[in-house]
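Go by the hints and put chain B onto chain A.
There are 2 protein chains.
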Amino acid sequence: MSTSKTLSPTRLSPVELIGKKRDDGEHTPGEIQALIDGFLSGELADYQMSAWLMAAYLRGLSAQEMRALTFSMLHSGKRLTLGKVRAPKVDKHSTGGVGDKLSLPLAPLMAEAGLAVPMISGRGLGHTGGTLDKLEAIPGFRVGLSGAEFERVVARVGCAIMGQTSELAPADKRIYALRDVTGTVACRPLIVASILSKKLAAGLDGLILDVKVGRGAFMKDYASAKALASDLVNTATALGTPARALLTQMDTPLGRTVGNALEVRESIEILSNLGPEDATLLTLELGAEMLLLGGLAKTRPEALRKLRLLLENGTALERFRKMIEAQGGDPRVIDSPNLLPRATKTIVLEAKKGGTVSAIDALALGELSVQLGAGRLRAQDPVDPRVGFEILAPTGTSVGRGDPLVRVHLGKVRLSDDQAERLRAAFSIGRGESHLKSELVLGRVSPSKAK
Amino acid sequence: MSTSKTLSPTRLSPVELIGKKRDDGEHTPGEIQALIDGFLSGELADYQMSAWLMAAYLRGLSAQEMRALTFSMLHSGKRLTLGKVRAPKVDKHSTGGVGDKLSLPLAPLMAEAGLAVPMISGRGLGHTGGTLDKLEAIPGFRVGLSGAEFERVVARVGCAIMGQTSELAPADKRIYALRDVTGTVACRPLIVASILSKKLAAGLDGLILDVKVGRGAFMKDYASAKALASDLVNTATALGTPARALLTQMDTPLGRTVGNALEVRESIEILSNLGPEDATLLTLELGAEMLLLGGLAKTRPEALRKLRLLLENGTALERFRKMIEAQGGDPRVIDSPNLLPRATKTIVLEAKKGGTVSAIDALALGELSVQLGAGRLRAQDPVDPRVGFEILAPTGTSVGRGDPLVRVHLGKVRLSDDQAERLRAAFSIGRGESHLKSELVLGRVSPSKAK
Numbered sequence: 002m003s004t005s006k007t008l009s010p011t012r013l014s015p016v017e018l019i020g021k022k023r024d025d026g027e028h029t030p031g032e033i034q035a036l037i038d039g040f041l042s043g044e045l046a047d048y049q050m051s052a053w054l055m056a057a058y059l060r061g062l063s064a065q066e067m068r069a070l071t072f073s074m075l076h077s078g079k080r081l082t083l084g085k086v087r088a089p090k091v092d093k094h095s096t097g098g099v100g101d102k103l104s105l106p107l108a109p110l111m112a113e114a115g116l117a118v119p120m121i122s123g124r125g126l127g128h129t130g131g132t133l134d135k136l137e138a139i140p141g142f143r144v145g146l147s148g149a150e151f152e153r154v155v156a157r158v159g160c161a162i163m164g165q166t167s168e169l170a171p172a173d174k175r176i177y178a179l180r181d182v183t184g185t186v187a188c189r190p191l192i193v194a195s196i197l198s199k200k201l202a203a204g205l206d207g208l209i210l211d212v213k214v215g216r217g218a219f220m221k222d223y224a225s226a227k228a229l230a231s232d233l234v235n236t237a238t239a240l241g242t243p244a245r246a247l248l249t250q251m252d253t254p255l256g257r258t259v260g261n262a263l264e265v266r267e268s269i270e271i272l273s274n275l276g277p278e279d280a281t282l283l284t285l286e287l288g289a290e291m292l293l294l295g296g297l298a299k300t301r302p303e304a305l306r307k308l309r310l311l312l313e314n315g316t317a318l319e320r321f322r323k324m325i326e327a328q329g330g331d332p333r334v335i336d337s338p339n340l341l342p343r344a345t346k347t348i349v350l351e352a353k354k355g356g357t358v359s360a361i362d363a364l365a366l367g368e369l370s371v372q373l374g375a376g377r378l379r380a381q382d383p384v385d386p387r388v389g390f391e392i393l394a395p396t397g398t399s400v401g402r403g404d405p406l407v408r409v410h411l412g413k414v415r416l417s418d419d420q421a422e423r424l425r426a427a428f429s430i431g432r433g434e435s436h437l438k439s440e441l442v443l444g445r446v447s448p449s450k451a452k
Numbered sequence: 002m003s004t005s006k007t008l009s010p011t012r013l014s015p016v017e018l019i020g021k022k023r024d025d026g027e028h029t030p031g032e033i034q035a036l037i038d039g040f041l042s043g044e045l046a047d048y049q050m051s052a053w054l055m056a057a058y059l060r061g062l063s064a065q066e067m068r069a070l071t072f073s074m075l076h077s078g079k080r081l082t083l084g085k086v087r088a089p090k091v092d093k094h095s096t097g098g099v100g101d102k103l104s105l106p107l108a109p110l111m112a113e114a115g116l117a118v119p120m121i122s123g124r125g126l127g128h129t130g131g132t133l134d135k136l137e138a139i140p141g142f143r144v145g146l147s148g149a150e151f152e153r154v155v156a157r158v159g160c161a162i163m164g165q166t167s168e169l170a171p172a173d174k175r176i177y178a179l180r181d182v183t184g185t186v187a188c189r190p191l192i193v194a195s196i197l198s199k200k201l202a203a204g205l206d207g208l209i210l211d212v213k214v215g216r217g218a219f220m221k222d223y224a225s226a227k228a229l230a231s232d233l234v235n236t237a238t239a240l241g242t243p244a245r246a247l248l249t250q251m252d253t254p255l256g257r258t259v260g261n262a263l264e265v266r267e268s269i270e271i272l273s274n275l276g277p278e279d280a281t282l283l284t285l286e287l288g289a290e291m292l293l294l295g296g297l298a299k300t301r302p303e304a305l306r307k308l309r310l311l312l313e314n315g316t317a318l319e320r321f322r323k324m325i326e327a328q329g330g331d332p333r334v335i336d337s338p339n340l341l342p343r344a345t346k347t348i349v350l351e352a353k354k355g356g357t358v359s360a361i362d363a364l365a366l367g368e369l370s371v372q373l374g375a376g377r378l379r380a381q382d383p384v385d386p387r388v389g390f391e392i393l394a395p396t397g398t399s400v401g402r403g404d405p406l407v408r409v410h411l412g413k414v415r416l417s418d419d420q421a422e423r424l425r426a427a428f429s430i431g432r433g434e435s436h437l438k439s440e441l442v443l444g445r446v447s448p449s450k451a452k
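Top to bottom, those sequences are chains A and B.
In case it helps, the numbering used here puts the first sequence at residues 2 to 452.
In case it helps, the numbering used here puts the second sequence at residues 2 to 452.
Chain A with its partners taken away, still in its complex shape:
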């Protein structure tokens, strides 16, 4: 299926395009193309696009409109062909969570398993972290590759992670900047088009989506996360890139660390098969989906077995070392994580009462990490790679009064008493039985049968 075949010139002016969406009309693919073309050429001004975005926010977009918008944004720039890469190109995208560092172990793991992983990633914003910020904690690591460099690294190492360049989906970059300042971010069809236009610009053969659900996620409830997952999967598939989604829990942070350098360290542990159970399991779950989608495994058990072996035998870790080296980073961090930026000061917070840790508030940890310098509220703010949290009492742990809960890694910003109190309060300590593990994977989404 190709949306391009249905494109036709439209005679609607910018005001008429806005008026059609305002009045709840459904745009043709040609009208969506005219919207994007006009915006990029300047014929349709910023203030007109923002009026259209608000109308789209309040009126919604149909599946056809979402597909056309993704298509037009994707084709607003170059699409990487990666002609030198023979392996199936499969990528993963997470909608963002707290402590979600899985892109780091997954890219080399899947390259080692035989896929090519050309990953275009983003930065942290608000309480959620970003893959690029994490990688930049590695001394020398360059995320700003050219298209040609990116292709070379993928061809040689099997994986590479870079940021969106000005050549890739430039319409997305400009529209996102506008959404950010006009209250039109939290709109599902616009989110779908933004995510997919960037991801599909890498010329993928398959895409796995990790849609986070819960307090620390963008989507707080299962229903809205499921709707987003379905839209992402159906739109990508309709545009020729097979996709699947996992719905995964984000009430509690993933793994034991939050913060850029700390998460690189934990990624190395995962690849060394020494990582925390939840983060390792989800790495394998997502990896298995990628392998199945890329056609390199027939069943989930087979895929999981294959991937686990690559963690056990150390080859996935070696692949990470090669990727770091290829992107200008210091590969010695693999063996000596102390070469990563380190806190000027650490503080351990202790439990004020005994019991079992039943929940850790991911949103609170995310927000506090931003306040301490690990993340950013505005796109232009710098981040401090040293800052973050080590969770010393993960959910299910029995603690006594005075037992350590969390180690805070500080940089320039000091921890106020109020922040320490909020951080302590983020750990719910119950009197009950030892904690029942909550499910990591809450649901799976495949493309709808409907054409």
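Note that these hints are calculated values from the structure, not bench results.
Source: prediction; values computed, not measured.
Every clue listed holds true.
Chain A side only, calculated, beta carbon under 8 Å to chain B, not exhaustive:
| hint | residue |
| --- | --- |
| 1 | Q49 |
| 2 | S51 |
| 3 | A52 |
| 4 | L54 |
| 5 | L179 |
No residue lacks a Cβ here, since even glycine has one placed at the ideal position from N, Cα and C.
Chain B only, in chain A's frame:
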């Protein structure tokens, strides 16, 4: 009542202000003030205001928000005090129609009756004409007065008509320009704030609103016109300017002419008590309301008698001559209307069948007049004062095949066969009885009792 007392500083950022309206929240007066202040200072960008405008379009504004928006826009610039003017200051505003030239006879008529009429008017846009364009058909007439000049003319002549200056309600000027290009014009609360912020900037003691209903009007049906009239009347009254509205028919053009110079000529006829019945009657109806509101008459019959005398004895016409002279126009047009710009060519269109003219499509005449050069589609387009239509067979006329329907006055643009056909088709010719006059005044609106 003063909204200023309820103003308080707001801490909402531009994005939060937009988000509140997007989520159907009700703004406080302080938030509305912050919106307007931020927009004028540049802290809130054009693209943010247009997103807010679209949210307001789709979510609506409450009576309190409408009042606060009008207040903040009104106070975004200078408010004329007209300290030298002793008479009650009463103005009229029409929501726009085809052939609606009544501001021209009304201003001098009401000045002659003892009111002061400081009228701030607009230009034609789309199929409806504008008072300023009509006055500029008079050689030399200046609508671009300074506030001081305006006050001098009102003090000396009792009336003056000028355009919105950059000092008066500048927020309205900038917001209207944005609405015009972002599909947010047709929004009742925004219309109310725009109309009233300009009108009330003249420091009025009373305002009469002529809200047009029908094919040739902005409001096509009675219910929406009535809603607009109520909002205008209640908002103005709440802000300290007593107001009343008439709902008047605009299916058929008002009077016998459409086009700028032609309408000046017809205005002179009305003031000479030689005008067409409908336009004269509505002039008197609106004038009587103004007189009652200004306290210069006790009853409608008394007001109507008084005004009719001023048309009969020629003193209102003399007042018009003085106003023209005071604003730089050639006063000789009063006695020699041929000094007005004249068509290079006229064409008379004839009936193709006999019968009674039962309706004349105001919208069609308005649109065709724009195509021929009498009006404009975009604010920056020039208009040709010579162009227009003289209706030779008004509704109710019995015509035979070949009898004249309309005389077309042309300038640079020629009349195409297709346009001639559309113009002829705008005259509905029925077989029935002689036409029953339709009501001119369809309803009257006073302020609601509710505080």
